[in-house]
Amino acid sequence: MSDFVNFQIDDSALRTRLLQLEQAGHQKAGAMRKIAQALVLVTEDNFAAQGRPRWQALSEATIHMRVGGKKAYKKNGELTAAASRRKAGLMILQDSGQMAASVSTDHDDNSAVIGSNKEYAAIHQFGGQAGRGLKVTIPARPWLPVTADGELQPEAVEPVLNTILRHLMDAANRR
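Be aware that the sequence shown starts at 1, since it is given in the UniProt record's numbering, and climbs by one per residue.
Think of the hints as simulated: they come from the structure by calculation, not from any bench. There's no promise every hint is true.
[What the hints assert, rightly or not] In silico DMTMM-like links for lysine to aspartate or glutamate, alpha-carbon gap of 20 Å or less:
(1) K87 x E60
(2) K118 x E60
(3) K34 x E119
(4) K70 x E60
Kindly produce the complete structure, drawing on both the sequences and the hints.
Below, the structure written as structure tokens:
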């Protein structure tokens, strides 16, 4: 029996269908690929929502740098019109868009993996000290759909469960 789905039903027609589902569990790579894709969509939604729960706001130093530094201010200390527009459009964790664009997946029969190859991705997920001499504290801004306890974030549970159910239903309908 598969470790993915176990059923014990006495009705022979149902038992045949459920056996087919169970056997589909032995070929779980397809389901894991779809789960990884579902996690990518949740991750993209996390970026769009600027965190779920909402990430800590950008620091004043980061805002200053991203709107253009000293050049973004008039002599009276107010932001220029262009800098004001840039400030209004600032997104947390999306300065260049490279980290969001770097989200990638992998899967096998037993796992679905999502992550980034950007070296700064982990510091944003977990928070910590960064910069020269590790003098800057970066707050945790969990962009992956996983909590600090290693659980799926609430918004990821339903898409993953629905993906599994669709995979099993598709497997049952193909047979």
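List of violated hint numbers, smallest to largest: When the structure is compared with the hints, numbers 2 and 3 turn out to be violated.
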